[in-house]
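Start from the sequences, fold in the hints, and give me the full structure.
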Amino acid sequence: MTDSAEIAKRIASLIGGDHVRAPRGAEARAAAVIAQPADPAETAALVRMCEADAISLAPLGAARTLSEIRRAPAALGVSLARMARVIAYEPDDMTIVAQAGISVAQVNSAMAQSGQRMPVDPHEPELTSVGAMIAAHHAGPLRLSEGTARDLLIGIQFIGHGGAMIRSGGRVVKNVAGYDFMKLMNGSFGTLGIITEAAFKVRPIPEFYALAIASFDRAAGAFDVARSFANAAPLAHLEVTSPRMSVALGLAPTYWVLAGISGTRAEIDYLRGAIARASLAEVEFLAGDDARRMYCALRDCDFADWAIGAQLVVPPAALAGVLEACDAEFRAHAGSGIAQIITREPPAPDAARAIVARWRELARAARGHLRVLRAAPEIRDAIEFFDTPNHGALELMRAMKSAFDPVKIFNPGCFAGGI
Amino acid sequence: MGKWRPRRDLAWYGRVATVNRNGTVTRGLDAGLIDELRAIVGADGVVSHSSELKVYECDGWTIEKSAPDLLVMPRSTEQTSAILSALWRRDVAFVPRGAGTGLSGGALPVEAPVMICTSRMNRILEIDLANRRVEVESGVVNLHVTNAVRGAGFFYAPDPSSQQACTIGGNIAENSGGPHTLKYGVTANHVLGVTLVLASGQIVELGGACEEPCGYDLVGAVVGAEGTVGIVTRATLRIMREPQAHRTLLATFAGAEAATRAVSAVIAAGIVPGAIEMMDRLIIRAVEEAFHVGLPADAGAVLIIELDGLAAALDEQAAAVTAIARSAGASEVRLARDEAERGALWKARKRAFGAVGRLAPNYATQDGVVPRTRLPEILRVISAVSTKYNLAIGNVFHAGDGNIHPIILYDERDPAQLRGAIDAGREILAACVTMGGSLTGEHGIGVEKQGEMPLLFSPDDLRAMTELRHVFDPRERSNPNKIIPRPGVCVEVAAPHRQVPV
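Protein sequences appear in the order of chains A and B. Number 888 in this note's numbering belongs to position 247 of the first sequence; there are no gaps in the numbering. Number 1522 in this note's numbering belongs to position 350 of the second sequence; there are no gaps in the numbering.
Think of the hints as simulated: they come from the structure by calculation, not from any bench. Just so you know, these numbers come straight off a predicted model, no measurement behind them. Even for Gly, the Cβ is constructed at its ideal location relative to N, Cα and C.
Result set (SDA-like, lysine to any residue): computed pairs, CA atoms no more than 25 Å apart in a straight line:
(1) A:K650 / A:A693
(2) B:K1355 / A:P845
(3) B:K1355 / A:N872
Going by beta-carbon spacing under 8 Å, a handful of chain A positions derived as facing chain B:
(4) R791
(5) G801
(6) G811
(7) V813
Okay, structure coming up:
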């Protein structure tokens, strides 16, 4: 076992003493030492060093994902803070290539002048790096209409076993040459390598955005109306929030439906009419800055203060029923069958284990699964963060991990099935 | 006619010379295996006569031909599993095939004696409108999925030109596109789960009915793997609500370059049409002569631009597109007046390849991609290549995606023309890569473009891809000798091959 001071010294000799540091704040729960390589070549040198001495390594953006789910810090955190440039933006091609350390918000501000955006909207995009968005498959409300990184990634570069720099895809919007590492790396939680660069297709920013909101005393009523909205019109996003989540949005403590619409003036007018006609309840429409503020609050709903936060994934039509059975507070992407659910009160470790097990049981009964997003440090050891894939799929995943990380240095023990 | 030269020096595992007592020819496979396969699928599910096998000697990539020794047609996942287990025990390689409409030789047997055809697994298993999903067997024809849900107002988005024949399994293998992928994405964006039979015969369920997978996204790795990771027998597909309305425009230009400039201008204006398709002079004439659909026969190029979405917005968008096309030089922009006119335009577009068959004894459809803004440039390259090799080249393609399909006309009876057709295609592809594009947008690498893979990928990239494939099929028994070129082996297509009936 190599200790932190020794690791820091060796990193300094590889990439310079200015670029190795102690972890700050929550980073300490993700890694014991932080290295900040300047480029893919330095990243590769770090990977080779770690492989030579079996040093565990965690690729980090702002460390917000791994600091919530690692049971123990990795020996080394590789921060891509110095690899945060836009490499190529071609507005007329509607593509952008960026280094993985750049934040989602910075990528979008580089395109704002051209009226375009990379429409994946993770929680707090100014803190979410492109690499983290891909590796942890972070997405937000707009997933309903715009998809996730899975749909928009057109090329990827990562540093893998042996420090090899591997590319897949390219910079064009349609491309089926070779095997698809974009999909494989997406949601791989840093277990197969360090993502260093990504290319995306981008979309025009809609001219107008508005939000339809309606309040309900019961969850079932909210989901019924959400469904009628979805059937009445193509929506930009469709969320349902539980009472305590609603309060965090500045709304009354009831169940709320928040349906986003976007497009031209004529489209917005039509969509407003269609939603109003579809609803038996009273619908309030927010526009302009009011709509924008509410959307940002909805996107950035904070789960960090809660004892257990988890992501429930089920077929969309099953979501309302499973959520009711879970008896938890939630923000639901009602059109996508995905919800972030949280416990009302901080439980003791035994109770925490039971709660997660029960949620997971309910998810599986609906042909879905559940991943824990965060757990308070005192109950973390009691909790299984990742759900277990079926036996055959898990065997393939283990083989995939062995093939791409034979020395087991990349974020070990922090993925499905103990990978 | 040159003789078929095996492109690999690997042995044909499991092959032995066998002549049956009844005189039928089952070249190379031992009778015990054939009996076992017959027991699995029934006598009508195994084809061993060389005359019948000739039908399977190639897919849509007709430059190379090689019939399998044996064809097996399972009816279920379990039968597929039993077949692959039997092959695995004897170390016999196989090639999966759907409808054989692929255009890069993905279903061409290359040292794979057994072909497994999925066409009898053709049931739509479940239509789940509440979740916007359908579950189908992989032999279901692409268009049949949309036909099954259209009445309820839904459609299955990937729409390759061959959609009346091609299968979902083939689409998954090739990650197929189509005109409407501009707005709606390719097959990978619409497959949520698959049942995959590994080369070993093991059945695995990947993904499912949910939006996110549990663990690695293995469905994403299987889609587009060109049948090299096993055989997909079932798939859960996403279906979409049909757009409320369409506006389909036909814009006429003096030349292809002006048409492609209009494409860039439409995209740059922030308009995302459902599809933007281009046809050049040669294709327009061929289509008009074959089908009389009313295309302007004297035009240098036409664009078919389809806008879809909310009716409330489309007239405004159609007016904007019309103005953009006119300022890019369109002499006429015509709006399809009704569903019949719209249908006629799409029929013209989707039957373009068929029409080309009238112009020359043979044609090779290339598939390359450039950044959309480089379209005028690649068209100049294609034109120069056409002159250089003295071969006519037509262009019909998905302009909005930068996905070109030059159609190279030749006569395979003239070896110089055949050689020229192959070289011309390669030169165009190399130019695509130089412009920052790709070797293939939707047809796949297959056998056709293995030799070009190093233009796009480094040895490390190719090694990683091979490792990915080995996770599913460590012995390379499923569709061997595709996609990845073997180091040190230069793939040469010397001449077309026709299997001579024994």
